[in-house]
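Chemist: Using the sequences and the accompanying hints, generate a full structural model.
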Amino acid sequence: MITAGVDVGSISAKAAIVQDGELLTTCVILTGYNSRDAGRQVYDQALAQLTMQAGRIDKIVATGYGRNSIDFADKAVTEITCHAAGAHYLDPQIRSIIDIGGQDSKAIVLDDTGRVKDFTMNDKCAAGTGRFLEVMARALQVDLDAFGTLSLAADKAAPISSLCTVFAESEVISLIAKGASRVNIIAGIHASIGARVVSMAKRIGVRPPVMMTGGVAKNIGVVRALEAKLATTLRVSEYAQLTGAIGAALLAAR
Amino acid sequence: MASVEKIVDPDKARRKIKADRRMREIMANYYMEAKTPKAQRGKKIAWITSGGPVEPLHAMDVIPIYPENYGAMIGASKMGVPLCEKSEEMGYARDLCSYARADIACATVAGGPIGGLPEPDMLVCCNNICGTVLKWYEVQARYYNVPLFILDTPITHTTFNDDMRRYVTRQSEEYIAFLEMACGRRFDYDRMKTVGDLSIRGQQLWQEILDTTMHKPAPMTCFDAFFHLAMIVTLRGTQTAVDYYEMLLAEMKERVAQGIGMLPVEKYRLVWDNLPIWYRLRWLSEKFMERSACLVADTYTSGWTSWMPYVDQTDFLGFMGESYARIFLNSGTDLMAENIVRMVKKYDAHGVVFHSNRSCKPYSFGQYDIQRIVQKKLGIPTLMIEADMVDERSFSESQVETRIDAFIEMLG
Chain A
1 MITAGVDVGS
11 ISAKAAIVQD
21 GELLTTCVIL
31 TGYNSRDAGR
41 QVYDQALAQL
51 TMQAGRIDKI
61 VATGYGRNSI
71 DFADKAVTEI
81 TCHAAGAHYL
91 DPQIRSIIDI
101 GGQDSKAIVL
111 DDTGRVKDFT
121 MNDKCAAGTG
131 RFLEVMARAL
141 QVDLDAFGTL
151 SLAADKAAPI
161 SSLCTVFAES
171 EVISLIAKGA
181 SRVNIIAGIH
191 ASIGARVVSM
201 AKRIGVRPPV
211 MMTGGVAKNI
221 GVVRALEAKL
231 ATTLRVSEYA
241 QLTGAIGAAL
251 LAAR
Chain B
1 MASVEKIVDP
11 DKARRKIKAD
21 RRMREIMANY
31 YMEAKTPKAQ
41 RGKKIAWITS
51 GGPVEPLHAM
61 DVIPIYPENY
71 GAMIGASKMG
81 VPLCEKSEEM
91 GYARDLCSYA
101 RADIACATVA
111 GGPIGGLPEP
121 DMLVCCNNIC
131 GTVLKWYEVQ
141 ARYYNVPLFI
151 LDTPITHTTF
161 NDDMRRYVTR
171 QSEEYIAFLE
181 MACGRRFDYD
191 RMKTVGDLSI
201 RGQQLWQEIL
211 DTTMHKPAPM
221 TCFDAFFHLA
231 MIVTLRGTQT
241 AVDYYEMLLA
251 EMKERVAQGI
261 GMLPVEKYRL
271 VWDNLPIWYR
281 LRWLSEKFME
291 RSACLVADTY
301 TSGWTSWMPY
311 VDQTDFLGFM
321 GESYARIFLN
331 SGTDLMAENI
341 VRMVKKYDAH
351 GVVFHSNRSC
361 KPYSFGQYDI
371 QRIVQKKLGI
381 PTLMIEADMV
391 DERSFSESQV
401 ETRIDAFIEM
411 LG
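For the record, the sequence lines run as chains A and B. The opening position of the first sequence corresponds to residue 1 in our numbering, with each subsequent residue numbered one higher. The opening position of the second sequence corresponds to residue 1 in our numbering, with each subsequent residue numbered one higher.
Don't read these hints as lab results, they were simulated from the structure. By construction, the Cβ of each residue, glycine as well, lies at the ideal position given by its N, Cα and C atoms. Hints may be right or wrong, so weigh each one.
[To be verified] Example chain A residues on the side facing chain B (calculated, C-beta under 10 Å, incomplete):
no.: 1; residue: Y65
no.: 2; residue: N68
no.: 3; residue: A76
no.: 4; residue: V77
no.: 5; residue: E79
no.: 6; residue: I80
no.: 7; residue: I108
no.: 8; residue: K117
no.: 9; residue: F119
no.: 10; residue: T120
no.: 11; residue: N122
no.: 12; residue: D123
no.: 13; residue: R203
no.: 14; residue: G205
Modeler: Here it is in structure tokens:
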């Protein structure tokens, strides 16, 4: 049985194709203005990578914020359930997930079969999300991809106390004016995300082994900040950003 | 694509509650009388908080008006945002309760549902529901230049002692003296006896109505209770409320007998905590219905019967202070959690939906602890929805929808 998962997030759209539990291919593109088109495009690209006709796919599950706009999917499932299924597939030992995507952050606790036991999400606020990092990268004139590595060179994380993206940005600008080093400011930004997300995760009893998923998992600085707050190491798969799409493809086979 | 199958319901008309029409008539008449010019209506008007002792007002033929019921009307008619914005322009902080903000703003503009509330002759404020009402009613007392009576009820964390009892009983006496002064005549103790009996009867009936949802399928949901609640709030202590609830109870019993549920398919049974999200009632009720999830009970509408154990039918006035001080919302986190655990068992629910209501601090403050207690004691899933009862700016549709979907997926 060949199944596909399409995960349309606020920043990027992801697709995964799975055959009998084996991952065949994955694809990531930017979502842009039209989430419906992005879903179609990322799915088509994934098929093209396999030189496969759409007719070969038995079932499709859509997930992510754009899940209800994917009209070619058989079913829509939330990213919470999909991340749990995807993480369990990538590492069956995983009992908790911290997922930081473009516009939200989540903590999920799962059982030994990959089913969700409890979850929590950030409130209507961009702090502690991928979007927050984008705003900060712009203020610091640093390429977002370099953010993680740069922060590892910090000698002392600059204190950033505000929980609001807009206020935190002004804090960053004041820190620049005061002459704080760029790397220390970036480390401070990561520490503030770590503190915010971990306090949320602890509320639902996050327990190891913990996997980090979502696009922000590519940022080693955030990973380290979370690890410091959680006092445990995080498992980060090379498919971190694709966990939801992979989970969706797996759930499509059920 | 269909995560949720559209349920075609051939019995939709049969499921409609017939008493709804009578309820609308009664509420229209109630507001019509109150809005009749003072010279014609004769009766005085008191604005009173939702958890305030209204019975003495009825005994003195004073029409009680509830700014909080009006707040719900503002929310349901989606007029909350412009009124909240108006209050913010007046200098009130956005963090304040949206009922208070909407009511304070509405008093200053010609508008709002039913063209605004009739002006008060006096104000009666009881802080058993929150601390905000003290300042809110002081603001309105200054604005309308009318006398204000405050009944101060100590919080009942777990127990109620004799000092507390004396404190509230003394204030009940002062309340009677206040009414005698404001109305310019002696208090009618005989009438009070009748009103007290009617109040107790109304509450018994209301609880019986709420308890019909113990039946599977539930003949109504909490979304229906949110509507029919208006009577126990505004007309508690009147024959009208008793007659109406007798009619509604008969209809619910008939639905139970015929096996008519409010949902076409009732797969999950859930308990709701906190006030409704008034401007999203229909949306939420449809979201849950499409997922075959029935909100069978809630802590809010049963709040008006939560003091029944402390009422004494032979001496209503003597126990009034204590019973009003011991309502659900004026208790501590432990008692609130216990109440939810008891409701889950009583109504055989699969999960609890918490509305973390930005406006209502006393209701929302302990919810994370309550959530933990419920999960620990019952091992059932719970859902937290962040919103506000009237201020739509605090509601994010896609976030709430994702949470509801994930919660239902968890229920399996």
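Chemist: Please go over all the hints and tell whether each is borne out by the structure.
Modeler: Against the structure, the hints:
Checking A/Y65 against chain B by beta carbon gives a least distance of about 6 Å; that is within 10 Å, so the hint holds. Interface hint at A/N68: satisfied, since its Cβ lies 7 Å from the closest Cβ of chain B, which is below the 10 Å cut-off. With its C-beta approaching chain B no nearer than about 3 Å, A/A76 sits inside the 10 Å limit, and its interface hint holds. Using the Cβ-Cβ criterion of 10 Å, the hint placing A/V77 at the interface with chain B is satisfied: the shortest such distance is roughly 7 Å.
A hinted interface residue such as A/E79 counts as satisfied when its beta carbon comes closer than 10 Å to some beta carbon of chain B; here the least separation is about 7 Å, so the hint holds. Because the beta carbon of A/I80 sits about 4 Å from the nearest beta carbon in chain B, less than 10 Å, this interface hint is met. Here the hint on A/I108 is kept, as its CB sits about 9 Å from the closest CB of chain B, short of 10 Å. With a least beta-carbon distance of about 8 Å to chain B, the hint placing A/K117 at the interface is held under the 10 Å criterion.
Checking A/F119 against chain B: minimum C-beta separation of about 6 Å stays under 10 Å; hint holds. At about 7 Å, the closest approach between the beta carbon of A/T120 and any beta carbon in chain B falls short of 10 Å, and the interface hint on this residue holds. Restraint check, A/N122 versus chain B: the minimum CB separation of about 9 Å is within 10 Å; hint holds. Hint on A/D123 holds. Least Cβ distance to chain B is approximately 5 Å, under the 10 Å limit.
For the restraint placing A/R203 at the interface with chain B, the shortest Cβ-Cβ distance is roughly 6 Å, inside the 10 Å limit, so the hint holds. A hinted interface residue such as A/G205 counts as satisfied when its beta carbon comes closer than 10 Å to some beta carbon of chain B; here the least separation is about 9 Å, so the hint holds.
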